[in-house]
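Chain A is already provided as a structure; the job is to place chains B, C and D on it using the hints.
Here is how the chains run, residue by residue.
Number of protein chains: 4
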Amino acid sequence: MPDLQGVLDEIAAEMAVQTDRGAVADYIPELATVDPNRFGIAVALVDGRVLSAGDAQDIFSIQSISKVFTLTLALGKVGDGLWRRVGREPSGNPFNSIVQLEYEAAVPRNPFINAGAIVVADTLLAGYQPREAIGEILRFVQFLADDDSIVIDHMVAASERATGFRNVALANYMKSFGNLDHAPELALGVYFHHCAIAMNCCQLALAGRFLADRGRSAGGHSVVSAERARRISALMLTCGHYDGSGDFAFRVGIPAKSGVGGGILGTVPGVGSVAVWSPGLNRQGNSQLGMLALEKLARVMNWSVFGS
Amino acid sequence: MPDLQGVLDEIAAEMAVQTDRGAVADYIPELATVDPNRFGIAVALVDGRVLSAGDAQDIFSIQSISKVFTLTLALGKVGDGLWRRVGREPSGNPFNSIVQLEYEAAVPRNPFINAGAIVVADTLLAGYQPREAIGEILRFVQFLADDDSIVIDHMVAASERATGFRNVALANYMKSFGNLDHAPELALGVYFHHCAIAMNCCQLALAGRFLADRGRSAGGHSVVSAERARRISALMLTCGHYDGSGDFAFRVGIPAKSGVGGGILGTVPGVGSVAVWSPGLNRQGNSQLGMLALEKLARVMNWSVFGS
Amino acid sequence: MPDLQGVLDEIAAEMAVQTDRGAVADYIPELATVDPNRFGIAVALVDGRVLSAGDAQDIFSIQSISKVFTLTLALGKVGDGLWRRVGREPSGNPFNSIVQLEYEAAVPRNPFINAGAIVVADTLLAGYQPREAIGEILRFVQFLADDDSIVIDHMVAASERATGFRNVALANYMKSFGNLDHAPELALGVYFHHCAIAMNCCQLALAGRFLADRGRSAGGHSVVSAERARRISALMLTCGHYDGSGDFAFRVGIPAKSGVGGGILGTVPGVGSVAVWSPGLNRQGNSQLGMLALEKLARVMNWSVFGS
Amino acid sequence: MPDLQGVLDEIAAEMAVQTDRGAVADYIPELATVDPNRFGIAVALVDGRVLSAGDAQDIFSIQSISKVFTLTLALGKVGDGLWRRVGREPSGNPFNSIVQLEYEAAVPRNPFINAGAIVVADTLLAGYQPREAIGEILRFVQFLADDDSIVIDHMVAASERATGFRNVALANYMKSFGNLDHAPELALGVYFHHCAIAMNCCQLALAGRFLADRGRSAGGHSVVSAERARRISALMLTCGHYDGSGDFAFRVGIPAKSGVGGGILGTVPGVGSVAVWSPGLNRQGNSQLGMLALEKLARVMNWSVFGS
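Residue numbers (the numbering used here), protein chains in the order written: chain A, 8 to 315; chain B, 8 to 315; chain C, 8 to 315; chain D, 8 to 315.
Note that the list lumps identical chains together, so a pair holds whenever it fits in one copy or between two copies.
Cross-link-like lysine to any residue pairs, in silico, SDA-like; alpha carbons within 25 Å at most:
{"id": "1", "residue 1": "Lys84", "residue 2": "Arg235"}
{"id": "2", "residue 1": "Lys303", "residue 2": "Gly277"}
{"id": "3", "residue 1": "Lys84", "residue 2": "Leu132"}
{"id": "4", "residue 1": "Lys303", "residue 2": "Leu89"}
{"id": "5", "residue 1": "Lys303", "residue 2": "Trp90"}
{"id": "6", "residue 1": "Lys303", "residue 2": "Val231"}
{"id": "7", "residue 1": "Lys303", "residue 2": "Gln291"}
{"id": "8", "residue 1": "Lys303", "residue 2": "Asp42"}
{"id": "9", "residue 1": "Lys303", "residue 2": "Ala20"}
{"id": "10", "residue 1": "Lys303", "residue 2": "Ala233"}
{"id": "11", "residue 1": "Lys303", "residue 2": "Ser229"}
{"id": "12", "residue 1": "Lys303", "residue 2": "Leu82"}
It is worth saying that the hints were derived from the structure and are not from the lab.
Pulled out of the complex, with its shape left as it was, chain A reads as follows (with noise of 0.2 Å):
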């Protein structure tokens, strides 16, 4: 194995120069405003060792990431059941399609699209309150973490509750065919405030790395079992970037999931899990050096999932 510290300094110095960085997502106002020349990436092993370089102490919005967490969270308290509501199929469409949910009846193709991770909101809402549902989320995550200092940024949130009218559409549209338990604000809000969690690249990493360790949390903990944590990682394999996710199996060959903010969370079977941040996005909406330098990456270290 070549040696991982260098490989990340050597990604890191490369991306620091790069010059087509994309663009950073404008579309949530309080995201628009992040420094579009960070990168920071981290490793976390699951021998315990965590690597990182560059902007691996900055905090980020995780966006979209976080359904991975909400999705893991929700498989735990509803089982299989989940999958009657939601589908395990790429989409096809672009992350915020509703052309697919009127054809298919108000049933998201996969709970990483908006309409999927809503319905993963709306679940863990049995038996709660908007606001603790929202607590358990928090929990759960520095949990797998083993971190007690991640927070939620109530700013992005408040700011996405605002001027997300596609995703209130989404919601209505899922309520309207009975595909949504809560009232659609519940579940929304559900949704902001779990995509606005706040992390850096170290801790994003090891919050997930209990997908490459047979499901064993950060802390040592047994969170899913190992066949569960394969799953998920399907998942993130098929559905985890939109409309890229194949070209990012193609080119990078790693279950990852990509956030609006820039950060992408991937895991390597058996070895550990890998988080990038870089806040501009490629036409997907997926961190454009992100996917380059875990191309890099896949390459250099053999971590591709088809084959060295």
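Okay, now just chains B, C and D, sitting in the frame of chain A:
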């Protein structure tokens, strides 16, 4: 590693007594007559061994599995330029959908849906008569499997040509957008013939072994680079089972490609390739018992690419 | 010209004994309680006479018929600039489809589908509070019918607001594309209230008489130009019955607009307007007996715009 | 009534100096060579007079206008049973859309979109060889116009057959769903030939006069019932101009059918029929000057069906 031969025998025995075997494809008359009670499985390991169980010597129509071989051949011929005419994303639609073509100006989503494979066939016609292109494909499959006895079942090709109105529609539709270089009936002729290649499980596993062995064929030749083998495997995982690709990745976790003849070809990177066959199909058009068998095989052998 | 009163009486008698009366709309709880056995019909001739038969004095919820009045009001307010934000083409989709919006960047196909009417309501908010805009619409309808007793049924408006998730989805979706100037809930407030205007057949026929009389209202006032009256009539013919507009034109041949409350308002250019009401709906969401009655009326009176 | 000949002359003079004339259809090579500066107009009154102006004696390809005649013929042959295989609703999509077919199981929305007209052509093949069916259509048009000199331009038919891949796609797609009784190429043969009927404005107006005269042809024969003439006119109004049908009804208000050759046939119930021709097309594929001319004619003559 558990005793592989024992595992295969056990799977074959289990499948023999399954009562819910799916439905044999009836839209190609020539395929509708196949005995639904057959089941075969074969594994071609990178160390050279071939193990099998059940009806692994029975010849069947590989149908869409052939798209793996034509894609490999086309990439060798035109390289990454192919991706200007066909995408790399899961389709999110049934395998013969024409809707996606209309919204995306006749660029098929990936090379494994019918429209994409017809484009691939069109590229293989460059500089050739249809008969020559078909011959080249057959010889390539023979070369991959190191077996000159593999043939095309011309009755199946004729049957498909006589009834394949939807494929004729797809080809003409793409031609109207300029995404076929040759006459639609020529590209379709190549397509119908390569789908009619007839093989048994052992031959099929051997033909696909290059995917698991860094691009090296059963006969020891380097067919493609290790990177291309990984990339083709990635496409199989994200797009190999039509509208059931996500579910297959979720449950089985092995890159694989299915055909309506009831075969499935899978690859376990660094370990070997596996071919299963059982004619009954599930609702997504994939072999019902084939998928069940691979699910069990992956679990028992720890062959999921998403971890043990 | 046959004896019109006799024809109306005969139609009312025929409709009274019909057994297949369609299904009362149940998605708005407040409407679901209406007696399906009612049938009323009224004609307001341009010479000033009003003839009626059956339950023509019964008050019902005019629902989408109100879109004719808000369109007229909005054209008076913003003129042809309205057509930059809403189209003039039949939708080819059920009345609440969101698919069309997605493919056409949130410009609704015409002002009579729900999305289009919400845009029209949004234009009526310019410079007004919702309460004022609603008051203006009501006063306009009272003015058209020359009848101050017409009211809004606030129970129906509240019922629709509480359950109209799909309309909330449509409004938020258009807002996300920038095709609403005001907050979605404000435009929806106006929309839900004008749909809840309650009238009887005589009042409704009088309110719509301006369409048949070159733009002159029941009270003798010039409301719109003759050209605008023709154009609104054209929209009613091509778009007035959702996904059943073509069939209505084919069978009846009178420009008309229906509502899920079971009412239909039609216009016979140069002759007069006609209002029918029967709560049971056919598969396209149009009054079953209302359509039957108009088909007979048009045939007997030679009132089809497509010739005698 | 204003002086009709004077009005026609004035319109022809106005159109002669128009500079924005649209674009001549170029997807059928044989049509692309037509001189864009031509403009002709003719009116066939129910009293027997025929008035014309401009290039009203120039022969042009009537293209989709022929669908009015084949629909009339098919209704005479199979009656209302036709409506089980083709709908009566506006399409809400461009004229050659295949999407609608997929979502509605290959039942075309109406007989005036290409798919619908191919189904109509298929019904005309019952009991006939293609050549005989084509002959029957031509003789029917000759009979309607009372003019044996009308012919089919076989160069245009051949040109369309050689390049009409999208129509081949539509036909094969419907065949795959069982909505064609004959081989796709036979139905297409009939379709391409009836689209290639060549006429001048005077002949075309005469051929369509039965629609305005309660079903009575130019030669005085009863072709269809008055009711059927009304119903065909209704279809022309709601579906006669592809995706621009609503706009045409809104602006012109005359039931009419256009063709990509630049012709439009309209009917003014009880008054007469009108044919215009100018080869340049607008964005929706309808004659740009033809529509303008009809808009003026309808306004000046008070010929809108929606009132004076």
